[in-house]
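Protein chains: 2
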Amino acid sequence: MRARPSWLGTLALLVTWIPVAVAQTGPLPSWNDGPAKQAVIAFVTDVTREGSLDFVPEPERIATFDNDGTLLIEQPIYVQFAFALDRVKVLAPQHPEWRDTQPFEAVLEGNMAALAAAGEKGSVEIVAATHAGMTPEEFRQTVKEWLATARHPRFGRRYDELVYQPMLEVLAYLRTNGFKTFIASGGGAEFIRAFAEERYGIPPEQVVGSRIATKYERRDGRPTLFRLPPVDFIDDGPGKPVGINQEIGRRPIAAFGNSDGDLEMLQWTTEAGKRRLGVVVHHTDAERGYAYDRQSHVGKLDKALDAATVDRWTVVDMKRDWKTVFPISP
Amino acid sequence: MRARPSWLGTLALLVTWIPVAVAQTGPLPSWNDGPAKQAVIAFVTDVTREGSLDFVPEPERIATFDNDGTLLIEQPIYVQFAFALDRVKVLAPQHPEWRDTQPFEAVLEGNMAALAAAGEKGSVEIVAATHAGMTPEEFRQTVKEWLATARHPRFGRRYDELVYQPMLEVLAYLRTNGFKTFIASGGGAEFIRAFAEERYGIPPEQVVGSRIATKYERRDGRPTLFRLPPVDFIDDGPGKPVGINQEIGRRPIAAFGNSDGDLEMLQWTTEAGKRRLGVVVHHTDAERGYAYDRQSHVGKLDKALDAATVDRWTVVDMKRDWKTVFPISP
Numbered sequence: 006m007r008a009r010p011s012w013l014g015t016l017a018l019l020v021t022w023i024p025v026a027v028a029q030t031g032p033l034p035s036w037n038d039g040p041a042k043q044a045v046i047a048f049v050t051d052v053t054r055e056g057s058l059d060f061v062p063e064p065e066r067i068a069t070f071d072n073d074g075t076l077l078i079e080q081p082i083y084v085q086f087a088f089a090l091d092r093v094k095v096l097a098p099q100h101p102e103w104r105d106t107q108p109f110e111a112v113l114e115g116n117m118a119a120l121a122a123a124g125e126k127g128s129v130e131i132v133a134a135t136h137a138g139m140t141p142e143e144f145r146q147t148v149k150e151w152l153a154t155a156r157h158p159r160f161g162r163r164y165d166e167l168v169y170q171p172m173l174e175v176l177a178y179l180r181t182n183g184f185k186t187f188i189a190s191g192g193g194a195e196f197i198r199a200f201a202e203e204r205y206g207i208p209p210e211q212v213v214g215s216r217i218a219t220k221y222e223r224r225d226g227r228p229t230l231f232r233l234p235p236v237d238f239i240d241d242g243p244g245k246p247v248g249i250n251q252e253i254g255r256r257p258i259a260a261f262g263n264s265d266g267d268l269e270m271l272q273w274t275t276e277a278g279k280r281r282l283g284v285v286v287h288h289t290d291a292e293r294g295y296a297y298d299r300q301s302h303v304g305k306l307d308k309a310l311d312a313a314t315v316d317r318w319t320v321v322d323m324k325r326d327w328k329t330v331f332p333i334s335p
Numbered sequence: 006m007r008a009r010p011s012w013l014g015t016l017a018l019l020v021t022w023i024p025v026a027v028a029q030t031g032p033l034p035s036w037n038d039g040p041a042k043q044a045v046i047a048f049v050t051d052v053t054r055e056g057s058l059d060f061v062p063e064p065e066r067i068a069t070f071d072n073d074g075t076l077l078i079e080q081p082i083y084v085q086f087a088f089a090l091d092r093v094k095v096l097a098p099q100h101p102e103w104r105d106t107q108p109f110e111a112v113l114e115g116n117m118a119a120l121a122a123a124g125e126k127g128s129v130e131i132v133a134a135t136h137a138g139m140t141p142e143e144f145r146q147t148v149k150e151w152l153a154t155a156r157h158p159r160f161g162r163r164y165d166e167l168v169y170q171p172m173l174e175v176l177a178y179l180r181t182n183g184f185k186t187f188i189a190s191g192g193g194a195e196f197i198r199a200f201a202e203e204r205y206g207i208p209p210e211q212v213v214g215s216r217i218a219t220k221y222e223r224r225d226g227r228p229t230l231f232r233l234p235p236v237d238f239i240d241d242g243p244g245k246p247v248g249i250n251q252e253i254g255r256r257p258i259a260a261f262g263n264s265d266g267d268l269e270m271l272q273w274t275t276e277a278g279k280r281r282l283g284v285v286v287h288h289t290d291a292e293r294g295y296a297y298d299r300q301s302h303v304g305k306l307d308k309a310l311d312a313a314t315v316d317r318w319t320v321v322d323m324k325r326d327w328k329t330v331f332p333i334s335p
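From first to last, the protein sequence lines are chains Z and F.
Using this note's numbering, read the first sequence as starting at 6 and increasing by one per residue.
Using this note's numbering, read the second sequence as starting at 6 and increasing by one per residue.
Misleading hints may appear alongside valid ones.
Identical copies look the same in the list; a pair holds intra-copy or inter-copy alike.
As the list claims (entries may be wrong) - In the DSS-like style, the derived pairs of lysine-lysine whose C-alpha atoms are separated by at most 27 Å in a straight line are:
no., residue 1, residue 2
1, Lys94, Lys149
2, Lys185, Lys279
3, Lys328, Lys305
4, Lys126, Lys324
5, Lys220, Lys126
6, Lys126, Lys279
7, Lys324, Lys149
8, Lys185, Lys149
9, Lys279, Lys308
10, Lys328, Lys185
11, Lys94, Lys126
12, Lys220, Lys328
13, Lys328, Lys149
14, Lys305, Lys220
15, Lys305, Lys126
16, Lys279, Lys220
17, Lys220, Lys185
18, Lys149, Lys220
19, Lys220, Lys308
20, Lys324, Lys305
21, Lys308, Lys324
22, Lys149, Lys279
What the hints contain is simulated information worked out from the structure, not anything from laboratory work.
Next up, chain Z with everything else stripped away, as it sits in the complex (with noise of 0.2 Å):
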């Protein structure tokens, strides 16, 4: 037998080449394979069929997306909240008399206990003067600022590094096919907008979430929109179908979620009697990231748990399905 020539060898090379780097490039690359990938790929499958029952048309197929816990990290405690108590510190030199005032007084002493019992007055308090007085792009310009400079006290990266990798994979596969991708938080919009676009590629019109009240005025003969303390909008639990409706204006064929905020979204989005998908993410990870669900005080997850049962939804267990947790860092 003679000698295959070089270009043969080179051949075959490639030949076993080619399926190895398909299946790197596949879809959902940092999910293991399991019944939480097999449902999202069955899922975009079916509703992209040309043909199929199952069928949705481009325009139609909407996907939202809850942010703090199915996105980003929400442990130890909100973003948005280390942010808040960040910028009371930052600004505590400009107001002497939060001193001896809570919840101030507890933010700027650590005293987490007396901040708890400050209750619902004092996150209004809290964030009347962090999130309000001020024009949308200067917060946030002061968001974007602070996310450079914040690092997570557990893993010593900036917030927004800590988002879910096999999360990013669902968006991108989901907009390679035809769907536009949504956030409906129960966060601050204009927060989340702060690195929304560079994160998740979701652009700031995409973005849903809870809203405080807005004025337009002239200022200094310019025309100016400013944040005022009030809370506008709640976008979380039966806010969500809400929100949704009010800037979407179509009901979602697949939403994500990871806590009880997220109940009412899901099962709007799939009790329509057609193909839908429901999603929850449940922490099961204390190791690479946080356990919890039934009792936590961030990001509970109790009753939309036992709905996930009921009506069919996905629950990923992070420890289980995820290869990966946080994108590698640069």
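With chain Z fixed as given, assemble chain F onto it according to the hints.
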């Protein structure tokens, strides 16, 4: 001289035919050449030219359009108002008490003076009776069915056919150049969503408008959104920049309006110290449409006409600038 072979004749025909075809299919074919058409084209050329000082990256190319009087006929009464009056008549048999209760009595008797006298309170009651008490899907379906049968009193055509052909061309031209086109209307967002995608190519998620309150609840065990009477947000005048910021989260770089209700949107868009476009459609054509401005009850254009000079907005003289007004009937 020998006769040209026939293929040369064909070629000659093609050569003379090509420039004609280009002229016919170039941008804004229903616009007469003049300052308004030139201003739109010059702006788009400037902000899309890579390397230009005026260049705007594609994600930031946001254009907002008023609806009534800018994209759609608004005389002799707003289309949404015509819908509400017709709905009162349709629903009257279920409400015998309306025969002697204002403002319904006025509507049923066609007594416009009494209707006007019922004022703001009267309008609120008509909105409650005709726009609330159903799901958003049911409301949109009601609007679609009404549009299919109602006819404009003067032109005898479907109301949603009485859209401005030259403005449809502006929408298409902007989209071809990487713009995202939005509606920012004082009218109800749900009303406009019933026809915006089909007529303007603007999907529901790109319609910003006024809103009535909407509540999430389970009805017969099914998750449902339900429209409630109170008006929740008026997206008009100073409300337009507020609504645009809420739902789009970016300041537009081009805005199109036709009345004082668009003044603040135009100011906020154009006073950014950069290359921006403000356009005011001036209804000057009593023959093919209507002629109205400073004294009109519907679509009053007074302050915004003065501001157009100061702020260098482009004023479209409908009679002079538009070759055709409405799309040709199919």
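To see whether the hints hold, each was checked on the structure:
no. : hint             : verdict
1   : Lys94 to Lys149  : within (17 Å within a copy, 55 Å between copies)
2   : Lys185 to Lys279 : within (19 Å within a copy, 30 Å between copies)
3   : Lys328 to Lys305 : within (24 Å within a copy, 61 Å between copies)
4   : Lys126 to Lys324 : neither (38 Å within a copy, 58 Å between copies)
5   : Lys220 to Lys126 : both (23 Å within a copy, 25 Å between copies)
6   : Lys126 to Lys279 : neither (43 Å within a copy, 42 Å between copies)
7   : Lys324 to Lys149 : neither (31 Å within a copy, 49 Å between copies)
8   : Lys185 to Lys149 : both (25 Å within a copy, 25 Å between copies)
9   : Lys279 to Lys308 : within (23 Å within a copy, 51 Å between copies)
10  : Lys328 to Lys185 : within (26 Å within a copy, 37 Å between copies)
11  : Lys94 to Lys126  : within (19 Å within a copy, 48 Å between copies)
12  : Lys220 to Lys328 : neither (46 Å within a copy, 40 Å between copies)
13  : Lys328 to Lys149 : neither (30 Å within a copy, 49 Å between copies)
14  : Lys305 to Lys220 : between (34 Å within a copy, 23 Å between copies)
15  : Lys305 to Lys126 : within (22 Å within a copy, 44 Å between copies)
16  : Lys279 to Lys220 : between (41 Å within a copy, 23 Å between copies)
17  : Lys220 to Lys185 : between (30 Å within a copy, 25 Å between copies)
18  : Lys149 to Lys220 : within (23 Å within a copy, 34 Å between copies)
19  : Lys220 to Lys308 : between (37 Å within a copy, 20 Å between copies)
20  : Lys324 to Lys305 : within (18 Å within a copy, 62 Å between copies)
21  : Lys308 to Lys324 : within (21 Å within a copy, 62 Å between copies)
22  : Lys149 to Lys279 : between (41 Å within a copy, 23 Å between copies)
Checked against the numbered hints given earlier, this structure breaks hints 4, 6, 7, 12 and 13; the rest are met.
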